[in-house]
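Line by line, the protein sequences give chains L and G. Remember, this note's numbering sits 16 above the position in the first sequence when you count from 1. Remember, this note's numbering sits 4 above the position in the second sequence when you count from 1.
For the record, the hints were derived by calculation from the structure and aren't laboratory data. Small disclaimer: the values here were computed from a predicted structure and weren't measured.
List of simulated lysine-lysine pairs, BS3-like, C-alpha gap at most 27 angstroms:
hint	chain 1	residue 1	chain 2	residue 2
1	G	84	G	8
2	G	92	L	116
3	G	86	L	23
4	G	8	L	291
5	G	86	L	82
6	G	84	G	113
7	L	23	G	8
8	L	274	L	291
9	L	51	G	8
10	G	92	G	8
11	G	26	L	244
12	L	90	G	86
13	L	90	L	23
Okay, the calculated beta carbon distance ranges per label pair:
hint	chain 1	residue 1	chain 2	residue 2	range
14	G	89	L	288	37 to 47 angstroms
15	G	7	L	298	17 to 27 angstroms
16	L	315	G	128	49 to 59 angstroms
17	G	7	L	299	19 to 29 angstroms
Backbone N, C-alpha and C define an ideal beta-carbon position, used for all residues, glycine too.
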Amino acid sequence: MNDLTDKIIAGDIRAIARGISLAESGQPEAVELLKDLYPHTGRAYLIGITGPPGGGKSTLVDKLIKIYREQKKKVGVLAVDPTSPFSGGAILGDRVRMQKHATDEGVYIRSMGSRGHLGGLALATSDAAKILDAAGYDIVIFETVGIGQSEVEVAGRVDTTVLVTVPGLGDDVQVLKAGTMEIADIFAINKADREGTERCVIELEQLLSVKEMDENTFLPPIIQTIAKDNQGTAELTGAIEKHRDYLNSGGRLAEKRKKRIQDEVHTIITNQLDKWAALRLTHDMETRENLDDIYSKKTDPYTVAGDIIKELQI
Amino acid sequence: MPNKIRILIAKPGLDGHDRGAKYIARALRDAGFEVIYTGLRQTPEAIAAAAVQEDVQWVGLSCLSGAHNSLFPRVVQLLKEKNAPDIKVFGGGVIPADDIPGLKAAGIKEIFTPGTSSQQVVDYINQN
Ligand code: B12
Ligand SMILES: Nc1nc2c(ncn2[C@@H]2O[C@H](COP(=O)(O)OP(=O)(O)OP(=O)(O)O)[C@@H](O)[C@H]2O)c(=O)[nH]1
Ligand SMILES: [Mg+2]
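Given these sequences and hints, build the entire structure.
Shown next, in the form of structure tokens:
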């Protein structure tokens with residue numbers, strides 16, 4: 017166990033910040049750090065805030081921080097913004113809306129660039145959450161990039177997922193229909209000061225009414241919020257609390273987290289296999305020749321891949 | 005992947021001129037850096053705290069109101085107090101040439117005044 021681990025567990029801000037950078041860098045030391053910290057994780061409750069660009073996610077997170085701080089909880093925020101695929105750079109601006117909490121010792125806010133990772137989060141976001149968990153943060157909030165119709169990764173990474181939507185997106189719930197709808201434990205219709213809120217609520221209710229239900233299903237509540245005026249936000253944290261209670265009964269939280277662990281182990285395996293395969297295909301002379309043989313039809317991709325996989329002895 | 009260079013761009017004090025700060029933020033993004041933008045009207049305390057949480061290598065301050073002589077050194081001082089003297093502070097804005105030596109003596113690494121091209125700033129970061 018090294019110095020950085022101890023300092024993170026003691027809640028040292030600089031150490032936490034360094035640890036997250038290490039996790040983002042993907043260096044081997046990061047894995048060592050995460051292994052050491054792992055026994056200290058599991059206490060934090062993880063909340064995901066996702067939704068279309070500009071929907072008010074950061075503004076909403078700012079208000080959630082305020083409410084949780086009034087409850088004396090320590091809050092960590094991981095706010096992801098897109099990295100430019102052209103330059104690899106990013107302007108991370110979520111923090112602007114939350115900056116009033118910057119000097120509160122009980123709040124840690126970290127902006128993350130997606131760095132080419134698809135799915136709405138950064139590759140290291142879950143690792144960063146573990147670091148905050150081990151450091152004693154009670155609540156960790158993930159803010160995704162502004163999502164379209166396919167970025168649903170967050171739901172598999174957190175305990176409660178809040179899907180933020182806004183009225184007046186043309187066909188209001190179009191975005192939701194196309195696959196993101198299922199990930200919501202709670203719907204927040206933000207900018208409820210705008211025209212079309214009623215219609216948005218009705219359409220959502222209609223969509224939900226066709227959802228298959230039994231006594232075990234949690235019916236996602238629809239909460240209207242005006243984040244910029246701090247309205248409906250107490251109702252939102254109330255709904256999050258209800259969902260948490262639901263998960264806590266009947267071992268559902270454990271079940272959900274075990275599923276997450278399975279996904280995580282799966283991801284670690286596929287990532288390592290992916291790296292191994294990439295290296296194997298680019299650096300081995302014989303394989304390079306085999307690839308040429310595929311081109312000249314002496315063999316085929318399936319045989320060559322099969323032979324390489326045999327080396328793994330599975 | 006080596007550590008990406010992260011830079012916090014902040015506007016201390018009551019100054020509302022943010023064109024320069026945004027221009028620099030975009031230029032740094034386009035040069036491949038991760039820029040954390042904190043918005044207008046920040047206290048030196050909030051800037052220093054954000055810099056530590058964000059684990060940046062650089063803090064870039066922008067000031068056009070004339071208050072740079074008190075605000076810039078204060079950020080350097082607070083970073084020291086937060087056990088983060090390695091985070092480098094630089095800045096720009098409407099800053100009289102006569103003030104620059106004093107700012108540098110107070111620990112601000114470099115000052116860029118109106119007319120600076122984005123390339124000059126990018127080159128500076130890459131070289132330091
Ligand atoms: C545009 C402007 C405004 C706009 C601002 C719009 C906005 N959102 O930014 C408006 C009209 C709102 C405005 C208002 C005021 N303004 Co005005 N404004 C200007 C003006 C004409 C240009 C500034 C600008 O945008 N330049 C373009 C950008 C790209 O340049 P820049 O900011 O200088 O940035 C460059 C460098 O300085 C450097 N840089 C800047 N920041 C940083 C940061 C880092 C990290 C780095 C590396 C580099 C860097 O790189 C940039 C690229 O070269 C200047 C005069 C001038 N020539 O500078 C006056 C000026 C800044 N304003 C001035 C004043 C007095 C005011 C007001 C108080 C006027 C009033 N009485 O109401 C108000 C106050 C507003 C407020 N709330 O603070 C004075 C300030 C005097 C002083 N410092 O002593 C100036 C200098 C005019 C003057 N000669 O008197 N203003
Ligand atoms: N009218 C109205 N505007 C709001 C409300 N909440 C937030 N906004 C505004 O919406 C804009 C975007 O807010 P953000 O909180 O940055 O939205 P976001 O979803 O985090 O944006 P990205 O992270 O860029 O996707 C800001 O100008 C907010 O002030 C609201 O309830 N009503
Ligand atoms: Mg945001």
